[in-house]
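There are 2 protein chains.
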Amino acid sequence: MPVLLSPPDAAALLPVPGVRLGVTEAAIRKLNRRDLTLIELAPGARVAGVFTQNRFCAAPVQVCRANLTTGGVRALVINTGVANAGTGEPGLAAAQATCAAVAHVLGIEANQVLPFSTGVILEPLPVDKLVAGLPAARDALKADGWFDACHGIMTTDTVPKAASRQVSIGGKTVTLTGISKGAGMIKPNMATMLGFLATDADVAQPVLDALLKEVADLSFNSITVDGDTSTNDSFILIATGQAGNPTIADTGSVDYAAFRAAVLDLSVWLAQAIVRDGEGATKFITLQIEGGKDRDECRKVGYAIGHSPLVKTAFFASDPNLGRILAAIGYAGIDDLDVSQIRVWLGSAGEEVLVAEKGGRAESYREEAGSRVMKEAEITVRVDLARGAAMATLWSCDFSYDYVKINADYRS
Amino acid sequence: MPVLLSPPDAAALLPVPGVRLGVTEAAIRKLNRRDLTLIELAPGARVAGVFTQNRFCAAPVQVCRANLTTGGVRALVINTGVANAGTGEPGLAAAQATCAAVAHVLGIEANQVLPFSTGVILEPLPVDKLVAGLPAARDALKADGWFDACHGIMTTDTVPKAASRQVSIGGKTVTLTGISKGAGMIKPNMATMLGFLATDADVAQPVLDALLKEVADLSFNSITVDGDTSTNDSFILIATGQAGNPTIADTGSVDYAAFRAAVLDLSVWLAQAIVRDGEGATKFITLQIEGGKDRDECRKVGYAIGHSPLVKTAFFASDPNLGRILAAIGYAGIDDLDVSQIRVWLGSAGEEVLVAEKGGRAESYREEAGSRVMKEAEITVRVDLARGAAMATLWSCDFSYDYVKINADYRS
Numbered sequence: 001m002p003v004l005l006s007p008p009d010a011a012a013l014l015p016v017p018g019v020r021l022g023v024t025e026a027a028i029r030k031l032n033r034r035d036l037t038l039i040e041l042a043p044g045a046r047v048a049g050v051f052t053q054n055r056f057c058a059a060p061v062q063v064c065r066a067n068l069t070t071g072g073v074r075a076l077v078i079n080t081g082v083a084n085a086g087t088g089e090p091g092l093a094a095a096q097a098t099c100a101a102v103a104h105v106l107g108i109e110a111n112q113v114l115p116f117s118t119g120v121i122l123e124p125l126p127v128d129k130l131v132a133g134l135p136a137a138r139d140a141l142k143a144d145g146w147f148d149a150c151h152g153i154m155t156t157d158t159v160p161k162a163a164s165r166q167v168s169i170g171g172k173t174v175t176l177t178g179i180s181k182g183a184g185m186i187k188p189n190m191a192t193m194l195g196f197l198a199t200d201a202d203v204a205q206p207v208l209d210a211l212l213k214e215v216a217d218l219s220f221n222s223i224t225v226d227g228d229t230s231t232n233d234s235f236i237l238i239a240t241g242q243a244g245n246p247t248i249a250d251t252g253s254v255d256y257a258a259f260r261a262a263v264l265d266l267s268v269w270l271a272q273a274i275v276r277d278g279e280g281a282t283k284f285i286t287l288q289i290e291g292g293k294d295r296d297e298c299r300k301v302g303y304a305i306g307h308s309p310l311v312k313t314a315f316f317a318s319d320p321n322l323g324r325i326l327a328a329i330g331y332a333g334i335d336d337l338d339v340s341q342i343r344v345w346l347g348s349a350g351e352e353v354l355v356a357e358k359g360g361r362a363e364s365y366r367e368e369a370g371s372r373v374m375k376e377a378e379i380t381v382r383v384d385l386a387r388g389a390a391m392a393t394l395w396s397c398d399f400s401y402d403y404v405k406i407n408a409d410y411r412s
Numbered sequence: 001m002p003v004l005l006s007p008p009d010a011a012a013l014l015p016v017p018g019v020r021l022g023v024t025e026a027a028i029r030k031l032n033r034r035d036l037t038l039i040e041l042a043p044g045a046r047v048a049g050v051f052t053q054n055r056f057c058a059a060p061v062q063v064c065r066a067n068l069t070t071g072g073v074r075a076l077v078i079n080t081g082v083a084n085a086g087t088g089e090p091g092l093a094a095a096q097a098t099c100a101a102v103a104h105v106l107g108i109e110a111n112q113v114l115p116f117s118t119g120v121i122l123e124p125l126p127v128d129k130l131v132a133g134l135p136a137a138r139d140a141l142k143a144d145g146w147f148d149a150c151h152g153i154m155t156t157d158t159v160p161k162a163a164s165r166q167v168s169i170g171g172k173t174v175t176l177t178g179i180s181k182g183a184g185m186i187k188p189n190m191a192t193m194l195g196f197l198a199t200d201a202d203v204a205q206p207v208l209d210a211l212l213k214e215v216a217d218l219s220f221n222s223i224t225v226d227g228d229t230s231t232n233d234s235f236i237l238i239a240t241g242q243a244g245n246p247t248i249a250d251t252g253s254v255d256y257a258a259f260r261a262a263v264l265d266l267s268v269w270l271a272q273a274i275v276r277d278g279e280g281a282t283k284f285i286t287l288q289i290e291g292g293k294d295r296d297e298c299r300k301v302g303y304a305i306g307h308s309p310l311v312k313t314a315f316f317a318s319d320p321n322l323g324r325i326l327a328a329i330g331y332a333g334i335d336d337l338d339v340s341q342i343r344v345w346l347g348s349a350g351e352e353v354l355v356a357e358k359g360g361r362a363e364s365y366r367e368e369a370g371s372r373v374m375k376e377a378e379i380t381v382r383v384d385l386a387r388g389a390a391m392a393t394l395w396s397c398d399f400s401y402d403y404v405k406i407n408a409d410y411r412s
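Here the protein sequences come in this chain order: Z and D. Position 406 (the first sequence) corresponds to 406 in my numbering; numbering is contiguous. Position 251 (the second sequence) corresponds to 251 in my numbering; numbering is contiguous.
Extracted from the complex, chain Z is given alone in its bound form:
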């Protein structure tokens, strides 16, 4: 059961002029499953991408990186079922064959195609099935295909993830629509995570590139489900330029500020949706780490808490076993941490409870208050390191029987 996350309303997903999407069943790994999604971009669209830091990065990621540098991206193709990762040279050839086949059905060049795969690692991609499915995906292309597409990219997700925003820029209404998928292998530096966000705004390429990096850091790179960084993570930002707004070319402009806010808002929503639908998740945890010397040490502390199986199982049990949080802070890797200065709060639904200070349990703390907060579905852990002015916010979830069940059964 995802934590406070509902499927999108098809009517609420706004078409983005310049983008058409088509989905089909290609039987890549299983029958009767929408597993192949094609996204066609009008000429002139600008595209930026960030990818997994995993050294075993998948073949499609390597092809994406190369094709992004040539510019002129006209299509994205996404298959589920097989990740085409850990597949060596044959995997690279399969990703390239995919691009060539997409180019063929759309009448474009192979290096104008970005391929994405998600699913089981170490198994060969059945390119023949994928290629055979492309004409049907092309025939399905439509401007209001976002609802189909958010279903087409799902793997172990239980809920499709998609949302739209609109913002006025230079007197023009700009639309943003995005989709994402999780739901395991979710960790710093992306996840088994695909995110696609398209807008009709007109944005200069350098601005788009810089914005994507900044936003990825604050959204998809600030979540964790299980601490595993996937081989296939990709987050793509597309700007078709058809809204008619004055080109956003200056990061100091008012237009940029408005656009940045909308992209960030939607990206955070899409990233949080992955955590809310994390494998087996029953709680959505916000980790707000303040008072660090720098952002990096705040993230270290947040991830130590967010990855700790002991903390995660305590959240699952709604048990205010707060010592496990202190222990995680203590081993986060800050060598000169003065634990006597740290304060820790648990919060939910307007209530915030000071649980630890002066190296131990806060005098004012009462177990009833901790228990009350821990029973909520959304909980914030706030930590003040009292060392500086930096902060970071991360999002995580709990660790349940179902996580084990899902991951012990995934391939069967």
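Bear in mind the hints are in silico, worked out from the structure with no lab data behind them. This structure is a prediction, so every number in the text was calculated from the model and none was measured. Hints are supplied without guarantee of correctness; some may be wrong.
[Claimed, not checked] Derived Cβ-Cβ restraints for the label pairs, each shown as a range:
(1) D:Glu-89 - Z:Leu-218: 36 to 42 Å
(2) Z:Leu-218 - D:Pro-7: 33 to 39 Å
(3) Z:Leu-4 - D:Lys-405: 23 to 29 Å
(4) Z:Ala-132 - D:Ser-340: 28 to 34 Å
(5) D:Ser-6 - Z:Glu-25: 36 to 42 Å
(6) D:Asp-144 - Z:Ala-349: 54 to 60 Å
[Said to hold, decoys possible] To give a feel for the contact side, a few chain Z residues facing chain D, derived at Cβ under 8 Å:
(7) Pro-7
(8) Ala-10
(9) Ala-11
(10) Leu-14
(11) Pro-17
(12) Arg-55
(13) Phe-56
(14) Thr-87
(15) Phe-147
(16) Thr-231
(17) Leu-337
(18) Leu-354
(19) Phe-399
(20) Tyr-401
[Said to hold, decoys possible] With a straight-line Cα cutoff of 20 Å, these simulated EDC-like cross-link-like pairs (lysine to aspartate or glutamate) come out:
(21) D:Lys-30 - Z:Asp-319
(22) Z:Lys-30 - D:Asp-250
(23) Z:Lys-300 - D:Asp-335
(24) Z:Lys-300 - Z:Asp-338
(25) D:Lys-405 - Z:Asp-402
(26) D:Lys-172 - D:Asp-250
(27) D:Lys-30 - Z:Glu-367
Virtual Cβ for every residue (Gly too), placed ideally from N, Cα, C.
Given chain Z's structure and the hints, the job is docking chain D onto it.
Same frame as chain Z, now just chain D:
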């Protein structure tokens, strides 16, 4: 169910001249539980200790560190139930009061006592109950008290852990007996882990100190159950000097080599026993990482595999979902790793199967072979990084429903 680990035979635990042990029920947290263990050392015993690197280190760890520097340790006192960690100044006072009380019942000085606590973090230690139990623990002191002691230090352990070794040094038979306890919060740099190893060998203090550090690195600091570093980890090496051997004072000597081998053998056994009895463990995994530029990067790769919830649940399911192992290697943090050079084997019971090479699945690999190995209770993952000559061996276990159950229910 622990993995191939049986309770010790009381008769097989050899007394160590100069060491007496007594256990009692002090109702520290629960009634009818042996939760207080006293170890008395004869005058002249030398003691070395290594402790958790967690910045939230427990009050007793702080007192141990201080009292070890004064020398002349005559007693160790261990309570379960409450860890006396995250307890601030009152916790420190409680640990000191414990030492004073032990000193009183044994007629020694308070700074000759090393206190150890394990259990729930962030709750006050009920010193009055502990102190009230000390006379009974003292009255129970006996040379063959190891069997009782290995029961007395258990928390979520399902099997007590104790073993003995004997080795001839300088014509004298030297005895070593050790006990340990886990079983959650087990990770690099110690665990919720207590280990006590005593010998009657005569060993110079500097040699004892250096040996302990080296052995801890190769044993207790090479295991992981869940990646959580506890606040209370301690590993203590005691040498009473009563065996009559020539003092081991030279690390280049034959005597040292024999002694080191025996200490290492017993320490590795005690550390592995903690993993075999890891919370919910059904498989014992050896991670043998070779071909690294240095030992540190080999350990990074081993811990990435050993900590990955996805890898651990695949082991639980006996599913050769080997892509998860490759993914973990890929995100272990070696930036210039060339994945096309890496080879990975799965091994068990005399069989070793090459599963990955050239950046993908090995051509010779057959799923039947992988499945056969994964069904075994003891499995070795061997990784050749092909970058150098360094290696490291770590031990881990799988991740089961019972891990979640145990840790969601621990306090209830």
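Results of checking the hints against the structure:
| no. | hint | in the structure |
| --- | --- | --- |
| 1 | D:Glu-89 - Z:Leu-218: 36 to 42 Å | 39 Å, holds |
| 2 | Z:Leu-218 - D:Pro-7: 33 to 39 Å | 53 Å, violated |
| 3 | Z:Leu-4 - D:Lys-405: 23 to 29 Å | 26 Å, holds |
| 4 | Z:Ala-132 - D:Ser-340: 28 to 34 Å | 30 Å, holds |
| 5 | D:Ser-6 - Z:Glu-25: 36 to 42 Å | 53 Å, violated |
| 6 | D:Asp-144 - Z:Ala-349: 54 to 60 Å | 58 Å, holds |
| 7 | Pro-7 | 26 Å, violated |
| 8 | Ala-10 | 33 Å, violated |
| 9 | Ala-11 | 37 Å, violated |
| 10 | Leu-14 | 35 Å, violated |
| 11 | Pro-17 | 38 Å, violated |
| 12 | Arg-55 | 4 Å, holds |
| 13 | Phe-56 | 3 Å, holds |
| 14 | Thr-87 | 5 Å, holds |
| 15 | Phe-147 | 30 Å, violated |
| 16 | Thr-231 | 5 Å, holds |
| 17 | Leu-337 | 4 Å, holds |
| 18 | Leu-354 | 13 Å, violated |
| 19 | Phe-399 | 6 Å, holds |
| 20 | Tyr-401 | 5 Å, holds |
| 21 | D:Lys-30 - Z:Asp-319 | 19 Å, holds |
| 22 | Z:Lys-30 - D:Asp-250 | 66 Å, violated |
| 23 | Z:Lys-300 - D:Asp-335 | 19 Å, holds |
| 24 | Z:Lys-300 - Z:Asp-338 | 16 Å, holds |
| 25 | D:Lys-405 - Z:Asp-402 | 11 Å, holds |
| 26 | D:Lys-172 - D:Asp-250 | 17 Å, holds |
| 27 | D:Lys-30 - Z:Glu-367 | 19 Å, holds |
In terms of the numbered hints stated before, the structure departs from hints 2, 5, 7, 8, 9, 10, 11, 15, 18, 22, listed from lowest to highest.
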